[in-house]
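Since the structure of chain A is provided, determine the placement of chain B on it from the hints.
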Amino acid sequence: MGPDDTKLGARAKQRRLMLGAALALGTSAWVGRSAAAARTVRIGTTAVILEDQVSFLDDWRRYLEQRLQGGAVFVQRGSYREITALISNDELDFAWVCGYPYVANRASMRLLAMPLYHGKPLYQSYLIVPRSDGVTRSYADLAGKLFAYSDPNSNSGFLVPQYLMLRDGLDPQALFRKTFFTYAHRKVVSAVATGVADGGAVDGYVWETLALLSPELTAKTRVAVKSPEFGFPPLVARASIGQRDFLAMQDVLVGMSADPQGRVLLKRLNLDGFARDDPKTFDGIAEALAYVSARMRLPQ
Amino acid sequence: MTNFLPDSPALVANEAQRVSVAWQPPWLRRFSRARLPFRDLSYRFKIPFSVSVVILVTALIVSAVLIVHSYQYLRADLIANAESLGKTLSRALTPALLRDEMWQAYETIITPFDAPGDLESDRKTVVVLDAHQQVYVSSHPRLFRALTPLAEVSDSHGELARIVAQSASGAPFVVEGVLPNRIVVAVPVLSDDGIRLGTLLLTYAESLFLPRFWETVQQVLLSTLIVLAVLIPLGWYAGNRMVIPLLGLTRAMRRVGSEPPSRVGADLYLGGDEIGQLGRQFQAMLHELENKQALERQMIMSDRLASIGRLTAGIAHEINNPLGGMLNAINTCRHHGSADPVTARTISLLERGLLQIKETVSALLVEARLESHALTREDLEDVHTLVAHEAAKKQLAVRWYNWVGETVALPSTLVRQVLINLLLNAINAASAGGLVTCDVRVAEGTLRMQVSNDGRHFAPEQLDRLFEPFASDSGTGLGLWVVYQIVQQLRGEIRVSNGPPVTHFDLSFPL
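Those protein sequence lines, which keep their order, are chains A and B.
Those letters in the first sequence? Residues 58 to 357, per my numbering, in order.
Those letters in the second sequence? Residues 308 to 818, per my numbering, in order.
What the hints contain is simulated information worked out from the structure, not anything from laboratory work.
Note that the structure is a prediction, hence the values are computed from the model and not measured.
Be aware that one or more of the hints could be misleading.
[Stated by the list, open to error] Calculated pairs, SDA-like style, for lysine to any residue (alpha carbon to alpha carbon, straight line, at most 20 angstroms):
hint, chain 1, residue 1, chain 2, residue 2
1, A, 235, B, 440
2, B, 353, B, 555
3, A, 235, B, 456
4, B, 431, A, 252
5, A, 202, B, 408
6, A, 202, B, 456
[Said to hold, decoys possible] Partner residues are not named here, just some residues of chain A that face chain B (Cβ under 10 angstroms, in silico):
hint, residue
7, 162
8, 165
9, 188
10, 205
11, 232
12, 240
13, 244
14, 251
15, 254
Cβ coordinates follow ideal geometry from the N, Cα and C atoms, glycine included.
Chain A with its partners taken away, still in its complex shape (with noise of 0.2 angstroms):
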């Protein structure tokens, strides 16, 4: 760390005291902010990508500073619904989170770019069982077993699952014997192959990375059931997120593909790039929400 960089961090907690302050007085808005000329910008990560190791996050990091000619940090935290509520605490500017919460929050945060994943900002949501399970075609032959969600605020992990059985006339809570959180697509994984449990829902892009990644660990799932297509997990600002940061933001993350350094990154994320906001791409979401949240009730 260079004496910049130190200077940087103090400001940054000078700034999250004073935001401190000001949520204890109720305002939900925090302005003067954006004129800060060089600023750090948080951005949280969930589990909704693979690649959380500190390396990739660190080069990301890089990138980010270099194109937006301030600071950013990232931050991480065990579920979705931490990053969930510190975005919507302000306490960060940008998040990268799960269609379910992002549709659930929409007030809170504002869609900034779309992840596109065989050049559709799109992915599934997979019933995986083991490979000695040959059976299994759909969740209702799951009936009686064990089976692991990744996390409650997850689409992919859990809404996706609970939508498809009540449409199909079952109810989540009484086909299976036990559920569990892993809190992670990819200890959905691990559980499912280590037999742990018996059937897992997963986000159908982690799964398909990790078969590049750790074919030794998907080959010993089966993909049972894929779902429709839904909106990716996108990357969010907060709704108090000033114009010219948000569209720097956006510019950079769209610009990625089109440069090599850009290209690397996304390489390693197994994505083709990022495509800005359309809303409406996340309808399918609330369609499944609005869908579920009718007929049962859902864990917060």
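Using the frame of chain A, we list chain B on its own:
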């Protein structure tokens, strides 16, 4: 030195001693004959071999103890590690069980499986049971299905479930012998207020510590081999060192009979230990043997001389009678005279011949002439005068020591005869320009005479027949025979110490 005196009493005592050395209790004899293998093997091998066997046996016993100890230690170590691990895991499991976080519980219990392939084998398994002995989660979900009772896994697991259900204490406990070849450490999972939420079962195959055990065995065996490689040659060397004196003694004993006793015991080991004592004893025995042999030789010689004496006395007596008669007849014949010159010449010739026979016979048969006066200092000085002429002819130096002062109660004629014969012999044997010594003295009730000369000495075969008549080819051949007979008559004693360089004749006559 050759001693011509009969028996010494020491010999009898030594015979008795030798008998007592050879004696051995019968039970010991029987034992030593029947029980010991390799009885006929040389001690050169037997002792080093025994030392090596003792070293080997000791090393093997120590190794065996170490191996058994290490087996027990490794087993205890495995259990102790399992208990410690179980306690740690059970504390981490408490929140997961309380909140029903199955994945968190799974991630907790697989932390000890850090080596690749650990989860593929079932040598080590961790199972979390809920309060009803039902599998909550396990490291091997395919063996222990979640939410199924432990008793459904197998009969022995049913027994294990029963034991777990019966245990009321909150402390870890070890279950051995229920699962085949497996050690189970059960650790209750307790909530903060002591409620038993479930039980953690850590199961280890005994084969888990076998690799470490074999490693230890290899190390122990290697150390043992190194120790043996050092100790056995050392033991062999020490054993050999111990045996060397014994071998020397054995070699010496084997030489008895084929070599003179004085040469046999020359280089024996004579330390203070038993073999050294044996060596000394053996040397003493050799010495006695030498004495005995000398004595035997001397007795044979005495016997022979006595026989000769008897023979010559008998012959002399038988000759003297007719001889006296014949000489008388010649005398008578002369008195009554006959003018026949031939007869006269013949008679004269006969008389000379007969007188020569008489001289020879009387020389052979020395008769005590007890009428002779007692020996005086002057008698001895006369002898000096008599031999001085002979000595002068060979230019010899004669050292004359006459310590006799008073009259000695011995017949002077015989003593003088002895001294003259010895001195003439010495002068004859001495080298030209050499030295002859004569020493005569009275001490402790005996008259001692010593005559010595340098020059020629006697050959061994000469020594055996020294005093026999006509044994020597010089002189008359009767000189020493006469000396011997006189000494016998006076109950004296002769010792001959044969050179080189100096030959001594020691005589002593009791007074």
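Going down the list of hints, with the structure as the test:
no.	hint	in the structure
1	A:235 / B:440	holds (17 angstroms)
2	B:353 / B:555	holds (16 angstroms)
3	A:235 / B:456	holds (15 angstroms)
4	B:431 / A:252	holds (17 angstroms)
5	A:202 / B:408	holds (17 angstroms)
6	A:202 / B:456	holds (15 angstroms)
7	162	violated (25 angstroms)
8	165	violated (28 angstroms)
9	188	violated (12 angstroms)
10	205	holds (7 angstroms)
11	232	violated (15 angstroms)
12	240	holds (8 angstroms)
13	244	holds (6 angstroms)
14	251	holds (6 angstroms)
15	254	holds (8 angstroms)
Violated hints for the displayed structure, listed by number in ascending order: 7, 8, 9, 11.
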